[in-house]
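All chains, please: the whole structure from these sequences, using the hints.
Protein chains in written order, with this note's numbering: chain A, 1 to 339; chain B, 1 to 313; chain C, 1 to 530.
Treat the hints loosely; a few may be bogus.
[What the hints assert, rightly or not] Pairs of lysine-lysine residues, derived as DSBU-like cross-links and limited to a Cα-Cα distance of at most 35 Å, are as follows:
| id | chain 1 | residue 1 | chain 2 | residue 2 |
| --- | --- | --- | --- | --- |
| 1 | C | Lys400 | B | Lys158 |
| 2 | B | Lys158 | C | Lys270 |
| 3 | C | Lys276 | B | Lys158 |
| 4 | B | Lys158 | C | Lys32 |
Simulated from the structure, these hints should not be mistaken for lab results.
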Amino acid sequence: MSAAASARVPEPGPTLKAGPTPETDPAPETGPAPETAPAPALDPADFAIAAPLPDVVTLRPPRGRLGRMLHRHPTGVAGGAILLAMLLIAVFAGQLTGFDPAALAPGSRTRFPSMAHWFGTDLMGRDIYARVVYGARVSLAVGFSVALMASVSGLALGLVSGTVRWADGLIMRVVDGLMSIPPVLMAITLMALTRGSVENVVIAISVAEMPRVVRLVRGVVLSLREQPYVDAAITAGTPTPLVIWRHILPNTLAPMTVQATYICASAMIAEAVLSFIGAGIPPSTPSWGNIMAEGRALWQVKFYIILFPALFLSLTVLAVNLLGDGLRDALDPRMAKDR
Amino acid sequence: MLGFILRRLLATIPVMLVVGFFVFGLLSLAPGDPAAIVAGDQASPEDVQRIRASLGLDQPFLVRFGTWGGRILQGDLGTSLFTNLPVTTMIAQRIQPTLSLMLVTLAIAVSLAVPLGVVAAWRAGRLVDRCVMGFAVLGFSVPVFVVGYVLAYVFAIKLAWLPAQGYAPIEAGVRPWLASLILPATTLGCAYVALIARVTRATMLEVLQQDYVRTARAKGLGQGTVLFLHALKNAAIPIVTVIGIGIALLIGGAVVTETVFAIPGLGRLTVDAILRRDYPVIQGIVLLFSFTYVLVNLVIDLSYTLLDPRIRY
Amino acid sequence: MLNRRHFLGAGAGTLLASSLPRPALSSGAADKTLRFVPQANLANFDPIWGTQMVVRNAAVLVWDLLYGVDATLKPQRQMVEAEEVSADGLTWTFRLRPGLKFHDGEPVLSRDVVASLERWSARDPMGQMIRAVQVELSAVDDRTFRWVLRRPFPKLLLALGKTTSPCAFIMPERIARTDPFKQINEYVGSGPMTFARTEWIPGARAVFERFAHYQPRPEPASWLAGGKRVLVERVEWQVMPDPATAAAALQAGEIDWWENPIPDLVPLLKGNPAVKVGIADPLGNIGSFRMNHLQPPFDNVKVRRAVLAALNQQDYMRAIVGDDDDLWKPLPGFFTPDTPLYTEAGGGILKGHDLDAARKLLSEAGYKGEPVVCLLAQDQPITKAFGEVTVDLLQKIGLKVDVVATDWGTVGTRRTSKAPPASGGWSMFHTWHGGADCVNPAAYPSIRANGDKAWFGWPNLPGVETSITDWFDAATPEDERKAMAALNTAAMDGVVYAPTGFFLSYQAWRASVSGIRRGPIPVVWGVSKS
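Given below as structure tokens:
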């Protein structure tokens with residue numbers, strides 16, 4: 001873990017103990033960067049579309065209980081099932097349709113859904129069903145890649161920021177700056193920088209989402225530092241990387257997983273918005289977002305062009321969100337026992 | 001308190017510096033060039049080059065950043081490369097629609113989302129909760145522009161209750177102003193309602209387990225009093241925070257909403273400016289956005305002291 | 001700079017603007033306000049500095065011209081009362097109409113005209129040609145000016161009255177003295193409408209008000225010629241980036257006139273009894289597949305011909321106009337159909353759509369798999385649709401394609417690079433040319449093939465250049481036609497660019513508006529509202 005490696009820089013003991021935690025005391029710290037002190041207290045809520053984690057420090061439930069808890073959350077399971085179905089559609093896209101999603105037929109454009117073209121044809125005469133099915137690949141790939149990239153980079157920076165005091169100020173200034181640029185605008189700017197492609201859309205949205213993860217992880221780390229067992233480990237002379245590896249990292253994973261599902265959902269929506277503005281994936285590679293963006297001007301006359309991709313996108317985002325909610329409830333025992 | 005505010009305001013300077021440098025750097029790396037757009041399709045490469053020079057775009061990156069930074073320090077955001085208007089003027093022209101849109105959205109969203117979230121938490125696990133949460137999830141699973149088109153079709157074209165597009169300035173009267181904003185604000189508010197409702201529910205769930213809530217209930221206080229007076233007050237901090245965080249979300253969503261409803265606001269101006277590479281305008285707006293963001297967060301932090309007397313700065 | 005009269009004039013203008021009630025408030029004012037949705041945003045308002053079509057369309061309302069072409073494409077006198085050309089064709093003397101006024105109340109004088117023409121001729125391709133043979137351009141007296149040339153330039157009046165941007169707009173001398181590569185910052189016009197600068201919100205709206213002291217000519221209006229009688233008090237341009245929004249606004253009666261409805265929405269608009277739809281510009285547009293003649297693979301004429309041989313204009317046209325076959329025509333040439341000089345000479349290769357012939361040409365050319373770097377602007381519906389057809393086409397004939405999907409701003413910059421495609425250059429991009437510009441080679445820079453001096457792509461085809469010179473020197477219509485046929489053949493043979501077809505577009509307006517005519521520019525004179 002790169003985060004663990006870079007955390008080796010400072011002296012282990014004092015570093016982890018420094019300062020009162022913002023979790024319990026929002027008063028300005030005496031240490032560096034006092035101006036950010038109150039903010040982390042509310043970090044759990046600190047992301048674009050996600051619900052906050054009522055308590056960022058959750059204990060990992062024993063593995064055996066996980067399955068049982070999922071059964072207590074039927075919506076979460078339903079979300080997972082829908083998502084699995086979408087994944088299968090994406091994987092077997094080639095088997096599900098005989099049409100090439102990129103084959104142009106300007107002679108038979110904007111046709112109403114029929115037996116030949118189940119979802120109709122688009123402005124270029126391409127089969128919308130084929131595009132939606134193949135589009136699952138791109139949209140899911142965008143969602144998952146962004147979730148992964150934003151989480152991993154955000155985790156690394158968040159861990160460094162939470163443990164290495166001198167780096168904290170610098171990282172948080174940059175993160176504050178990046179967060180204050182609205183994600184959609186950031187993504188458009190990044191798109192203007194290069195060409196429209198799946199990779200660039202992923203990078204653009206990841207950069208825009210990453211700061212929120214950094215803040216979340218940093219908040220978790222800061223609150224964990226005050227936990228007695230972490231304190232004990234530090235007093236016992238455990239080296240910082242080991243403390244992170246053993247005590248801090250595992251506890252960040254639960255909130256991170258939940259956060260990642262929301263990022264995944266929001267990335268798929270962001271992709272659609274980028275296509276809407278004309279800064280998205282080029283139409284030769286179908287995605288749900290660009291199918292809708294292309295057909296949007298015709299929604300009054302040819303509603304089916306945006307209806308089908310919108311249905312698939314909504315269903316998937318819904319599924320990812322349900323799964324995220326389910327995971328959150330399942331991973332947070334205190335939420336679970338309420339039921 | 002005053003010292004805290006001052007420190008926080010001072011702390012915006014490095015943040016703005018980061019933002020300024022980041023955006024300026026990004027744009028300088030971007031291949032597009034306003035000179036080519038100004039010159040038009042029929043212009044010769046030489047003409048493009050001369051226009052580039054007259055715009056000062058042939059200078060090295062650091063020189064341009066320095067000039068720009070120096071002007072900023074004097075409070076001058078520069079002049080648009082296209083319109084020849086000062087960036088401050090262009091922003092001033094656009095700020096009212098965007099601000100109105102955000103305020104109305106905020107009002108609609110908060111007044112709808114908080115009660116929904118509270119009720120959902122109170123009835124956690126029951127049908128009401130499921131419905132509210134289902135709606136909340138749906139709220140941000142449909143792209144904003146789809147919501148906008150459907151609303152415009154139903155309420156503007158079919159029913160003719162509200163204008164399909166455009167913005168009526170508040171000087172023209174509160175009613176036309178509000179009428180022009182209801183559809184866009186509802187469109188934009190969808191995702192926001194969903195966000196706030198979920199946060200409210202989650203926080204309330206936690207608060208409702210606290211001892212004092214149990215005590216209040218034991219005292220025989222009415223359900224409404226307990227929920228909205230005792231519990232909600234204690235759940236307020238995360239809710240207020242998420243409202244603040246959502247400002248960034250709103251600004252992003254405003255780009256699309258303003259396009260769909262042809263509202264002459266800042267979101268649209270930003271996209272236009274990026275697509276045209278009108279550097280001073282982009283930088284000016286992004287600085288304004290980040291300053292607003294920082295300021296909103298400061299206000300929110302200050303509101304904590306009101307919501308929770310234990311917090312003092 | 002500002003004298004007392006200026007100040008009063010400007011003050012009165014502002015006063016008028018602010019005292020006018022908002023159109024939404026008073027129905028009386030509503031009848032006098034024409035709400036127009038232009039094709040694009042009016043992002044700047046210097047028609048000499050910025051030559052986008054939308055700037056010109058706004059500028060013709062505000063600034064008048066010395067001459068204006070009419071519907072027969074002939075330049076007619078506009079601000080000029082009479083002109084005289086010496087027998088050797090070298091000295092042109094012009095006399096201005098009496099009573100012409102700028103919007104600040106000052107009279108239009110010869111020195112204003114001279115300064116305006118100097119600024120214009122520095123930027124306009126035809127202007128530059130005149131400049132190259134110019135001995136002197138000077139004011140004789142307040143209403144007379146003279147242009148002395150070294151060599152005859154028979155198309156001088158066309159240059160002054162053409163619709164191609166930049167048009168020779170007449171501005172006050174102090175404004176016209178601005179460096180042609182810098183923007184003006186005062187908009188004092190000479191045309192039938194004033195520009196309400198305080199109400200200009202770039203990207204959203206631009207407002208024009210009737211100029212009471214404008215002196216229209218007595219003749220009936222025809223395109224840029226004749227009497228420009230404005231029948232409404234105010235014209236409001238409302239920019240709508242989303243066509244779905246504009247369609248909704250027109251249906252709901254919130255706008256009066258929409259310049260460019262997308263063809264797919266036209267059936268919807270036609271079905272609405274309160275909306276009328278008609279062809280906008282009979283001269284239409286010519287689609288262009290522009291190739292880089294300097295870099296492989298399109299440096300090889302056989303590869304360029306392969307594209308011509310394979311290209312099916314119907315695919316390109318259907319991709320932008322939809323199923324409406326009234327809106328497009330196959331174009332085996334480079335010039336606007338249904339105009340006097342139109343020719344199809346040498347255009348046979350475009351009629352085949354023969355993929356095998358194209359593949360054969362490619363193998364003859366010894367194509368080694370160099371990637372074709374396609375610069376495709378995604379933010380312009382036309383270039384975006386063309387691009388999709390092109391990618392499909394090039395792949396079908398076996399060219400390796402590297403798609404750079406980007407915005408118009410990037411295409412506009414990157415196409416100026418002569419570097420190899422791999423290091424920041426390009427192989428092809430799409431654009432389109434207004435049919436009004438393509439009626440002859442006069443104002444048609446993209447037909448030129450003079451190597452480094454030519455338009456992007458830098459074709460170097462001496463045969464094309466000779467024919468263009470022949471046309472400029474042609475004395476009789478017969479000679480003109482002969483030169484045009486030779487030009488079309490040479491341009492097709494060397495593939496200056498690949499025409500992707502000729503297409504028209506619609507305009508739509510509320511039934512309550514009358515007087516909207518076809519033309520290359522949407523003019524508001526003669527348009528009224530009930």
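Checked hints:
Distance restraint check for lysine 400 of chain C and lysine 158 of chain B: the Cα-Cα separation of roughly 49 Å exceeds the 35 Å cut-off, and the hinted pair is therefore not satisfied. Between lysine 158 of chain B and lysine 270 of chain C the alpha-carbon distance is near 17 Å, which keeps this suggested pair within the 35 Å criterion. Of the pairs offered as hints, the one joining lysine 276 of chain C and lysine 158 of chain B holds, with about 20 Å between alpha carbons and a cut-off of 35 Å not exceeded. For the hint linking lysine 158 of chain B to lysine 32 of chain C, the alpha-carbon distance of about 27 Å falls within 35 Å, and the restraint holds.
Checked against the numbered hints listed earlier, the structure breaks hint 1 alone; every other hint is satisfied.
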